[in-house]
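Protein chains: 2
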Amino acid sequence: MAYFFDMAVSSRFRGMKILNLLALCVLIFSLANIVPMAEARIRRYKWEVKYEYKSPDCFRKVVITINGRTPGPTIQARQNDTVIVELKNSLLTENVAIHWHGIRQIGTPWADGTEGVTQCPILPGETFTYKFVVDRPGTYLYHAHYGMQREAGLYGSIRVSLPEGESEPYAYDYDRSIILNDWFHRSAFEQAAGLSSIPFQWVGEPQSLLIQGKGRFNCSSLNSPSLNVGIICNETNPECSPYVITVIPGKTYRLRISSLTALSALSFQIEGHNMTVVEADGHNVEPFVVQNLFIYSGETYSVLIKADQNPTRNYWATTNIVSRNATFTTPPGLAILNYYPNHPKRSPPTTPPSGPLWNDVGSRLNQSLAIKARKGFIIPPPQSADRMIVMLNTQNNVSGNVRWSVNKVTYTLPHIPYLIALKENITSAFDQTPPPDGYDFKNYDIFSVAENKSYTIRNGVYRLNFNSTVDIILQNANSLSNKTSETHPWHLHGHDFWVLGYGEGKFDIYNDPKKYNLVNPIMKNTVPVHRYGWTALRFRADNPGAWAFHCHIESHFYMGMGVVFAEGIERLGELPSSIKGCVHRK
Amino acid sequence: MAYFFDMAVSSRFRGMKILNLLALCVLIFSLANIVPMAEARIRRYKWEVKYEYKSPDCFRKVVITINGRTPGPTIQARQNDTVIVELKNSLLTENVAIHWHGIRQIGTPWADGTEGVTQCPILPGETFTYKFVVDRPGTYLYHAHYGMQREAGLYGSIRVSLPEGESEPYAYDYDRSIILNDWFHRSAFEQAAGLSSIPFQWVGEPQSLLIQGKGRFNCSSLNSPSLNVGIICNETNPECSPYVITVIPGKTYRLRISSLTALSALSFQIEGHNMTVVEADGHNVEPFVVQNLFIYSGETYSVLIKADQNPTRNYWATTNIVSRNATFTTPPGLAILNYYPNHPKRSPPTTPPSGPLWNDVGSRLNQSLAIKARKGFIIPPPQSADRMIVMLNTQNNVSGNVRWSVNKVTYTLPHIPYLIALKENITSAFDQTPPPDGYDFKNYDIFSVAENKSYTIRNGVYRLNFNSTVDIILQNANSLSNKTSETHPWHLHGHDFWVLGYGEGKFDIYNDPKKYNLVNPIMKNTVPVHRYGWTALRFRADNPGAWAFHCHIESHFYMGMGVVFAEGIERLGELPSSIKGCVHRK
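First to last, the sequence lines map onto chains H and E. So that you can map any letter, position 466 of the first sequence is 466 in full-length UniProt numbering, and since no number is skipped, the others follow by simple counting. So that you can map any letter, position 398 of the second sequence is 398 in full-length UniProt numbering, and since no number is skipped, the others follow by simple counting.
Note that these hints are calculated values from the structure, not bench results.
Stretch-level coverage of chain E by chain H, calculated; a stretch enters the list once three of its residues show a Cβ under 8 angstroms from a Cβ in chain H:
1. 51-57
2. 81-95
3. 115-125
4. 144-156
5. 182-194
Simulated crosslink set (DMTMM-like; lysine to aspartate or glutamate; CA at most 20 angstroms straight-line):
6. Lys46/H / Glu86/H
7. Lys483/H / Glu451/H
8. Lys345/E / Glu235/E
9. Lys580/E / Glu126/H
10. Lys375/E / Glu286/E
11. Lys580/H / Glu126/E
Positions of the beta carbon are idealized from the N, C-alpha and C atoms, including for glycine.
Whenever a hint applies, use it, and build me the whole structure from the sequences.
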């Protein structure tokens with residue numbers, strides 16, 4: 001907007017003419033769209049992506065910023081608005097692509113921003129325009145979807161409100177967005193190089209946790225905070241002062257809590273304040289009260305809190321790692337719930353609450369089970385499916401590399417994006433053999449380390465019949481370490497799915513479907529599969545395009561933990577040439 | 001080659017057929033080329049570029065390797081051979097381009113490998129084929145020419161020998177290639193982010209110097225060699241054991257010494273052994289003897305040494321920084337001249353020679369002046385020029401950024417490469433106003449800090465008349481620091497130039513040309529401009545294409561210290577589509 005504004009004011013006279021012209025355009029546009037689009041607007045953003053030194057947790061490192069910020073600017077829109085983001089890549093040698101997480105991209109599958117799946121990457125010096133409609137209210141995210149750039153800091157919030165005059169089925173006075181993240185001091189390049197090394201080098205636990213881009217690393221844990229390799233760590237840097245949520249006593253706040261961690265499952269809690277969960281991934285939840293909210297990478301929740309505690313002091317909001325033991329490696333993330341008019345930086349007089357035990361799986365499973373669609377907002381699921389795909393998640397050693405697999409296939413993205421290859425019938429672009437719909441249910445022992453035989457690196461797609469109903473059973477198993485099973489948050493692009501159920505142990509394809517919740521299942525786009533457990537999803541393949549479905553842990557996706565679905569490609573018109581920069585180059 | 005070989009052996013029967021076919025092709029090819037190409041061969045390389053952890057100086061960091069190595073494989077060819085490099089980019093999110101430094105690319109300007117000038121970059125997942133003829137014998141280099149990737153380790157040697165049966169005008173028994181480099185522990189991304197920061201953050205002096213990819217950082221200077229940010233430094237790592245040049249007593253060695261430093265000017269010396277300089281940048285030098293060789297980034301020399309010292313011990317070969325004061329920051333690089341049959345790792349019994357003083361400008365200027373074309377190999381320069389461009393090199397503050405400028409223009413590369421924009425007449429691709437041919441000779445004080453007025457960031461080109469003779473005077477000046485003037489090695493793509501002279505102070509356009517050496521000037525592709533001095537070059541604009549001419553210091557080029565020449569574009573046929581991937585994308 002700034003650009004057009006500058007143009008308009010550059011000369012008052014010329015500006016007036018442009019403004020008149022704009023007014024005319026708006027008028028024509030309005031007339032052409034009176035009925036369905038009366039309230040829809042265009043939300044236009046101009047973003048520049050580049051490298052900058054930042055100290056989100058007091059430790060200075062190069063991050064990728066949008067318009068100088070990480071997290072980037074929040075996109076605020078109303079339901080049915082069109083969002084246009086003109087993204088200029090000002091990185092030096094690195095391409096980029098941004099995914100609009102939770103936005104289904106109905107009719108615009110090329111705007112999903114998933115490199116290798118829906119578009120070629122955006123080169124340094126190029127400006128790419130993302131244009132899509134936000135068709136549902138709710139809390140969404142955006143982030144890089146190329147290599148491991150997300151954890152370099154390229155992420156932010158999308159907040160879609162109801163159309164003017166409509167209101168949520170719950171009351172609140174104010175609305176705040178908070179993204180949780182984990183933070184690593186090694187660059188994404190270093191992490192990726194380690195993950196591809198033989199011997200394998202794991203990324204390790206994060207150095208800190210960020211609440212809305214701010215965390216605190218204990219600089220004194222470095223023997224010398226400024227070595228000659230240029231380490232700068234300064235706990236008095238205002239960039240890493242704790243995030244402050246200021247509240248007015250007596251008021252109710254909607255906190256939109258989301259997680260874009262690279263690795264960690266988190267718990268979030270506010271000292272002395274219960275939270276009422278009302279939204280999950282853009283869908284209304286039958287309200288339930290928690291002391292702590294478990295949240296997995298890629299999930300968004302809205303919780304309501306009431307500022308009804310002693311107003312003469314501030315309170316801690318904290319986040320800590322669960323599901324992995326980071327007790328001795330990663331301190332909790334801290335923010336301040338500031339009761340106005342106390343000083344926002346005044347530390348609460350208490351010790352920050354420590355959060356639940358990292359290995360309390362039961363509580364996490366209970367929260368998963370508690371999330372149901374809100375009465376009056378239930379979207380009934382189809383009562384049966386046309387196809388069931390059981391996806392066994394295993395960790396494997398493939399030719400010396402540690403990889404993650406689904407049904408013995410460890411995923412790699414092709415150079416030519418699927419959407420283009422499928423639409424233009426470039427069969428050489430990827431493996432035309434689809435991956436398997438299941439595994440050896442009878443003989444595979446999910447409680448043992450994988451035998452690591454016949455695992456292959458492949459890039460075939462699951463082709464789904466258009467409008468068919470598909471069930472996905474995510475089956476967890478033992479990792480390469482004995483008696484260990486990790487938690488994986490799976491995220492589906494282009495659709496929401498109904499969460500039909502969670503279970504422990506091996507999914508029983510004969511009996512477990514009988515226990516599905518077909519009454520009031522929540523719809524989501526990201527869901528955890530718990531240790532040694534399974535999660536059952538159902539979705540309708542009703543969105544023409546190619547869509548990634550993958551573990552949202554950055555390193556797990558890099559290590560092959562994902563698949564791609566394709567449906568209704570024949571229904572698509574011509575693809576925009578702007579997504580095809582990497583294709584016709586011979 | 002491995003790939004074709006694998007194909008051939010995959011089935012013996014099928015293999016035989018392919019081999020017969022190949023033989024037939026070779027026969028046809030030979031018949032078609034009997035006269036001019038009788039001895040020329042194709043040298044084919046398959047390279048894969050990726051990130052790997054390496055410890056060239058004992059400090060572990062992510063580098064860019066070619067086929068697992070840094071420096072990459074040496075290209076060995078004979079004069080008139082065709083070199084084909086199939087380059088696969090296996091980086092994660094980063095593009096790449098490789099420049100063949102010193103190869104003039106006559107008839108193949110699109111193969112020069114200069115991103116933004118001669119080609120679009122090569123995307124991750126893509127394979128790009130460089131194909132060019134090495135038309136002159138000599139010592140050349142290759143390295144990344146995109147962003148600051150060169151200093152991430154992407155570089156190597158090209159050695160072109162005389163046609164079979166021909167011999168050099170000097171005798172030697174063996175031939176060795178040694179690349180000198182400086183090494184930084186911060187990544188190229190971090191360095192670039194610092195250089196673009198306000199306030200400016202300089203890259204500083206290198207942590208170590210590498211001789212043929214091996215150096216030694218003093219790990220104990222880190223307070224703790226393995227902090228939780230993952231620093232690993234290990235002086236017993238064989239990757240950083242000193243480079244060994246093994247010699248047989250009594251034999252004469254041709255050492256091809258080249259420099260690809262990111263920043264440093266160097267001196268190279270071998271304890272107890274004189275060096276006779278015989279080649280510079282592919283041209284025969286009238287031999288002269290040095291105790292130490294001064295060498296600037298982008299230069300190559302051949303020196304002869306005779307293994308005529310006490311053969312019962314080994315000797316140090318060392319390199320140290322000159323022109324900048326790195327006495328307290330960068331230890332000398334060490335290698336071992338190993339007299340066979342002594343153990344190659346046996347340390348010499350002496351203290352390594354310390355090399356000349358860093359600030360001894362006179363000795364460096366003297367070496368520059370000593371380099372003349374060898375008798376019998378003199379290529380006479382045109383006795384006059386059609387155009388003279390005087391290039392004032394200044395350091396400036398442009399809108400808060402520290403930049404380098406030529407005649408008040410600080411350079412930035414366009415998104416669409418010049419070669420394509422010029423050939424296809426895409427006038428919007430770059431500033432159509434050419435940069436100035438001179439500066440305010442009368443009033444500009446080269447001994448003072450620049451006033452920093454009216455400096456602009458631009459990307460116009462110097463259009464040269466085809467086959468015209470062009471004189472370039474590089475005029476050095478004071479930097480932004482009082483009483484400081486740096487040394488800049490300028491490198492010209494696509495041509496060799498005659499080095500007509502060097503001088504101190506401000507170039508006098510009336511009188512200094514009278515002192516030009518028009519008798520036996522050396523031809524080179526890289527030449528230093530000394531502190532507060534000038535260097536005069538002459539070249540013929542006889543190679544259709546667009547050619548960069550720039551300071552070979554990686555950070556200086558990044559900061560704008562370069563220009564582009566274009567000539568004879570109208571003589572070019574259609575450009576290969578493989579270089580145009582970033583262009584037709586709207």
